[in-house]
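Starting from the structure of chain A, add chain B with the ligand where the hints point.
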Amino acid sequence: MTKTVLCHCEDVEIDELYSAVKQGYGDIETLKRYTGIGTGKCQGKCCLVQTLRILASLDTPAERKTAGGDASELMGDPRKIRLPTIRPPLLPMRIDDILEENGERR
Amino acid sequence: MVLTLPETGCSDVSFGLSYKSMISRNVTFFFEGHQLNGVRGEPIAKALFDAGIKTLSYSVKYKRPRGLHCARGRCVMCHMSVNGTPGVPTCITPLEEGMRIERENYQPVFGPFLTAVARLLPLPAGFYYRSFTKPSFLREFFVRTVRKMAGVGRLGTGGKLRVDGDAAAEEDRTPQGGPRIDGLYDVAVVGGGITGMAVAVSSAETGAKVLLVDEYPVPGGHSIGYQSNASLAASRDRLIESVAQHPSVHYHPNTTALGFYPPDTLLLGPGGSTGFEPCLGPTHTSSVTAGAARRRAMTRIRARSFVFATGAYDVVPVFENNDMPGIFGSRAIRLLLERDGLRPGKRAVVYGTGPALGQTAELLLHHEISVAALIDPSDRFHEAVTSSKKLGDISRISGARVIGTKGKDWISAVTVANGIFRGGDRPAETVLPCDLFCTAFAGQGAYELPHQAGFEFSLPEASLDENRVLIPDRTRVETEPGSGITCYVVGEAAGETLWNRKIDSGKETGKHAARPLDS
Ligand code: FES
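Sequences listed follow chains A and B, in order. Using my numbering, the first residue of the first sequence is number 51, and each one after it goes up by one. Using my numbering, the first residue of the second sequence is number 762, and each one after it goes up by one.
No lab work stands behind these hints, which were simulated from the structure alone. Model, not experiment: these values are computed from the prediction. Built from N, CA and C at the ideal position, the CB exists for glycine as well. Accuracy of the hints is not assured; some may be wrong.
With a straight-line Cα cutoff of 20 Å, these simulated EDC-like cross-link-like pairs (lysine to aspartate or glutamate) come out [what the hints assert, rightly or not]:
(1) B:K1107 - B:E1123
(2) A:K53 - B:D1170
(3) B:K1272 - B:E966
(4) A:K91 - A:D146
(5) B:K1268 - B:E1002
(6) A:K91 - B:E863
(7) A:K91 - A:E63
(8) A:K53 - B:E1190
(9) A:K82 - B:E1217
(10) B:K1268 - B:E966
(11) A:K53 - B:E1081
(12) A:K91 - B:E865
(13) B:K1150 - B:E1123
(14) B:K1107 - B:D1170
(15) B:K1167 - B:D1196
(16) B:K1169 - A:E63
(17) B:K1167 - A:E63
(18) B:K1151 - B:E1129
(19) B:K815 - B:E865
If you want the footprint, here are the derived chain B segments under chain A, 3+ residues with CB under 8 Å [as the list claims (entries may be wrong)]:
(20) 815–826
(21) 835–841
(22) 1011–1019
(23) 1023–1031
(24) 1077–1089
(25) 1204–1210
For reference, chain B alone in the conformation it holds in the complex:
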């Protein structure tokens, strides 16, 4: 199968190796009218955290506090209104001079009062479709009031109105750089992490024209949360070099894959999705950033093969008060510590299984966070935990579950129950005070694009593990019978957790993807 590959304005991104230059000077910004100081270029959420502001939004119904959680623009708990633009993920959006930042779902005047009331009222589950339904003439009033209290953020709050003819507004509208992709490729790779880069490079080595899109300005994916792992950082940097040097890898940062349309079209849009260039924090120094201007428009591309190296995200188990700020998955805590230089607590409890439990705890210790306890729901700890000298005499509880957290606006303790139980009597509980709770379980592969391309995902049947994740039924599909268009899912999206294997399977997949089916 032969595809014609016209050059449609695909200019390759230039690579530079300085990142710190973006982050240097102190700026002032405004949080709900209060003037604060921060560092230009750091994530807005970090500047707020340093200023003591940890509640970034309130939940819609019960007005529960929400704070930093995923640290990578996924969970929307840090969404705030910035310069009048609602829904800005402040965890990945850089701070700029004079920014006006406001919480959504929150009324500054009656807000504290309404929030307190909504949080204290014993609103039962499902109250909003059971209560306030009769009498009918009052119903409308209730609905309107309740909706107003919930709120969804306002468009243009406090922002400058954009009037036609206004020079500033004009300037703001001019598309700023960012190559527009509208083209045909042999192989399109989604995700610029370790796996995606390995795929792109090995495909390109066979002579294929490869597109590599990544939603962040800097490639590397979650490996950016492993700065203190020198060998991993080195292999990542080697991959970045190869991506930069290979003429037929067309790398586009700041580009989000918004959807896959079978048989062969991928919709791309701006990374970070909110009108600001996403940022990666100040501790990250060795990577590429130049040319990472925000893409302003949506584009479509077509390819003969698609490789989804979309990575995985944290899944925090379900327990009482599981939405309390101060609870982080292992990926989020890595990004905060190693990418942003943000230390969200001083005393942590780590809950997880397998080697990740030990690795997460060691990372916390490395960043001078004390670890109060290691809790593993399975019967026995992984060797990496038992044999670790660094973990010393930290108390360890196996065969136990975290069943809840305590705290007001930030976590203050976790409740642990011995043994697995369902219903019936509650077993003995232990309360462990802490101001940080980290989980370290398998990540859920980002299934969205592969699912749209025809992969089915299901929970492994054989496993009774209550923290099991959905895995794809295969690693390759033909998007439509006879179309000759193939899609692959690889790396952590396919459940791979070991870095070496991610690189190897990425290379392998890259070769397959570059080879037309009918040759």
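Just chain A, with the same shape it has in the complex:
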């Protein structure tokens, strides 16, 4: 099946982003929670930029209308398109290594 997959880790399609925007989810933090974009193993390294680009490109009133017209306030101004919070660890870690850090490795 042909699909346009925005987030490869969580298999989130581009249409899910559009439909979430239509429903009023306008900023990356809530879009992340609602669609799962950027919440997979790579933590957004492969999809966050593309997602933010799409959000920023919905910046003219006409395009906002195409996307549903009721997108949240945060949409449309590239200056307001920001990265979500990024938490450590930045790469997947072995539980072993975390245990060792706490002196519990045995």
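Relative to the frame of chain A, chain B with the ligand by itself:
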């Protein structure tokens, strides 16, 4: 501001100039029960590729095939279960005798059937929160089945159980070398690429005590994908020499920066992050590897200045079937060809803009991959493309966009549309058969650490380029007002693309970082 700098077991890494010694003999390994042969030390993914195995994992919901993609441990598409350890990035993990390698998210018995079904079903976007919700008594059953089908890899599949008292297990647990860093530095540099090395050396020249951490066993970052560029390789090797020789540069390979905690703490952990020493491929011969044992524990360090020379990664544009194996960014294709000696296809289409488009195409030709077409979404090609003799009469399409790919488990063609369009009628399309698709756009600077340190990143407003990337709002921040702790972002992480300028700005930043704010 004065920091005391205790020596807490920081032993410097010894440098050697042989790499090939790691890679020599044939080994046998097991892929889902099948015995295969490979070369010891090459990336597992390369051994699998050579054995014809290109689908390395399956996506969680739609069971779409996933293969090598970033070639540097970032995109997780090559993650497999190795000797029972799940989530191993096989693109940077070396092959060893007797390894047992399995795909995750995949059931060998029903797998092929379920995968085929999941891939054929017209599962609509968002089906998993819209369907199977009623009636409620069936919901639980659906949820359980769907979750099982998705799968997340199992811990210890087929692996040997570690029992206390077992001598082999004991040995496995002994921390193997790898200096433990727990210290204070004047300057901590994250990223051992060209820029990071320039920063470290110039800081050290002012007398500062410098920490240089890099997640791979060999310094050089993406310059390792430029082996055939002799002058770049030479300046890289000179930088490596200076890093090796300068007594106050404390270089730690195989060390990943896992997080930055303002105002002044950096959390470090094992490179490659999976329990195996990351590898760099057999074609890479002139670099340092000795002493690059895997770090086993997490450590914290503090410093007065931090420099993030974290580099950049590929961003592949969004189009139909953009997740098809066989699609690579320019950095990934460089690493595969020049580092691993892996030729992922024979006939390529290159899609990109600026000089990178021409450079990527020339690299492919250099590795005897034919280039079917060059596609630039902008109106006109960069001079480097128009004036290149090597690119000869390769067909060129400007002002066009790639809107999709075709293929089953590997790309077989790309679809190109003339002109930029949004919605409405689809413009005329051209289908170009190929078995390799490379993109050559600006890389996205690795924003994670700088963002944690207080840099804001945003898309350049003025640019309408649909392939624009996030750039930092400045190049220096004080992590907390009055703390006197400064952070810098430099090199490709800050959007710099030219190698010379990376070195120059690295040197400049190194000097600033070494100078305490209040002096
Ligand atoms: S993590 Fe291995 S190909 Fe991306």
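Looking back at the numbered hints, which does the structure fail to meet, lowest number first? none
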